[in-house]
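Could you slot chain B onto chain A? The hints should help.
2 protein chains.
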Amino acid sequence: MEKYPSFLLENAINEFAKLPGIGRKTALRLVFHSLKRTTKEVENFGRAIIALRNEINYCKVCYNICDNEICDICSNTSRDISLICVVENIKEVMAIENTKQFHGLYHVLGGVISPMEGIGPGDLQIKSLIERVKNGKVREIILALSTTMEGDTTNFYIYRKISNINSVKISTLARGVSIGDEIEYTDEITLGKSILNRIDFSKTIVLQH
Amino acid sequence: MEKYPSFLLENAINEFAKLPGIGRKTALRLVFHSLKRTTKEVENFGRAIIALRNEINYCKVCYNICDNEICDICSNTSRDISLICVVENIKEVMAIENTKQFHGLYHVLGGVISPMEGIGPGDLQIKSLIERVKNGKVREIILALSTTMEGDTTNFYIYRKISNINSVKISTLARGVSIGDEIEYTDEITLGKSILNRIDFSKTIVLQH
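Read top to bottom, the protein sequences are chains A and B.
Take the first sequence: its position 104, counted from the start at 1, is 104 in full-length UniProt numbering, and no numbers get skipped.
Take the second sequence: its position 18, counted from the start at 1, is 18 in full-length UniProt numbering, and no numbers get skipped.
Worth flagging that the hints you see were computed from the coordinates, not collected in a lab.
None of the values given here were measured: they were computed from a predicted structure.
Because identical chains share one entry, a pair is satisfied inside a single copy or across any pair of copies.
Derived pair list, reagent style SDA-like, types lysine to any residue, alpha-carbon separation capped at 25 Å:
#1 K60 with R79
#2 K134 with G104
#3 K36 with I56
#4 K18 with E41
#5 K193 with E88
#6 K3 with Y63
#7 K127 with F32
#8 K40 with L19
#9 K36 with I22
#10 K18 with A51
#11 K18 with K36
#12 K18 with N54
#13 K169 with I130
#14 K3 with I73
Same shape as in the complex, but just chain A:
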């Protein structure tokens, strides 16, 4: 462990080094960079991170991150409120929004069921999803979780809790060969599913327009 000539310096290096992917060498570089910036710039930086943690809101409907009580997506009256896409985190919301192909609402679980990490159904926004399905005019739920063991477990848990409510339709993302992928290098499970769930070619022509 190196000896630093100042407690403030050492403390700042330690704090930077706590961030994921940042070692002590990088932390030292970031600290020297901070010393070269103006007081105002460094205060803006520090306060932005503190404000993020202290003042961030979660939408009361879909639990997405937002600045108000209800997020922009849920309060957008032109969106289809009968369609809910269930995702793990805000990152997936942003990814799906970027496709511009989805015009329903979201429900952000805040993770997936993972006994290894001690995350049970009670730690996720599953109860609130069930309430939305019970109270709302929901016609279809799209499960858009990762295709991992944890994602599959969470999918199945939600399916069991929701399938008997109000005859709601439960769907999931299509799995198949990615656009641009070579068939030769596609993994067996994906390729197998893409054959089982093959689609009418005339439909793909329509989709491309």
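Only chain B this time, still in chain A's reference frame:
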């Protein structure tokens, strides 16, 4: 540019992305990490960086970073006050301190003369170095700047300003083949200098003890 659902989120991502070596993807990851930490942890982080910038002191004698008026090295009475090692930054102070071979004091310039970056002698702690040489009991100055064009320029500038004061001796770091380096792969200039400045072999035996 991606659209974020929250101003606080976007602001925090922008602030992280201003740091050197951190792009928007990494900034997003750091922001999500911050959201998972406790309020206390994030406040400690933000405040440590702000405090570093606002409260950091520079030693009134050598201009090294420190918490008090005078740094631990300058206030250590067992060190040789007649020997001053001139360095660019605190990083070099730490590197030289780690060798445990130097027992004099330092003088931290805060950079090197670089007309390209608009850094002149007036932006560095050169005047204060001249004052130290004039007023103090300095016997020798060791110039330990980088062997770059800017470092050489700064060395020469300091040499011209100091060489006629109080018959002070001005030395510089030995240049030569690094320990563990193969002669075959050593660059020509270094190898040439190591031949010109060759040393008595019997002296190296004494040094190793």
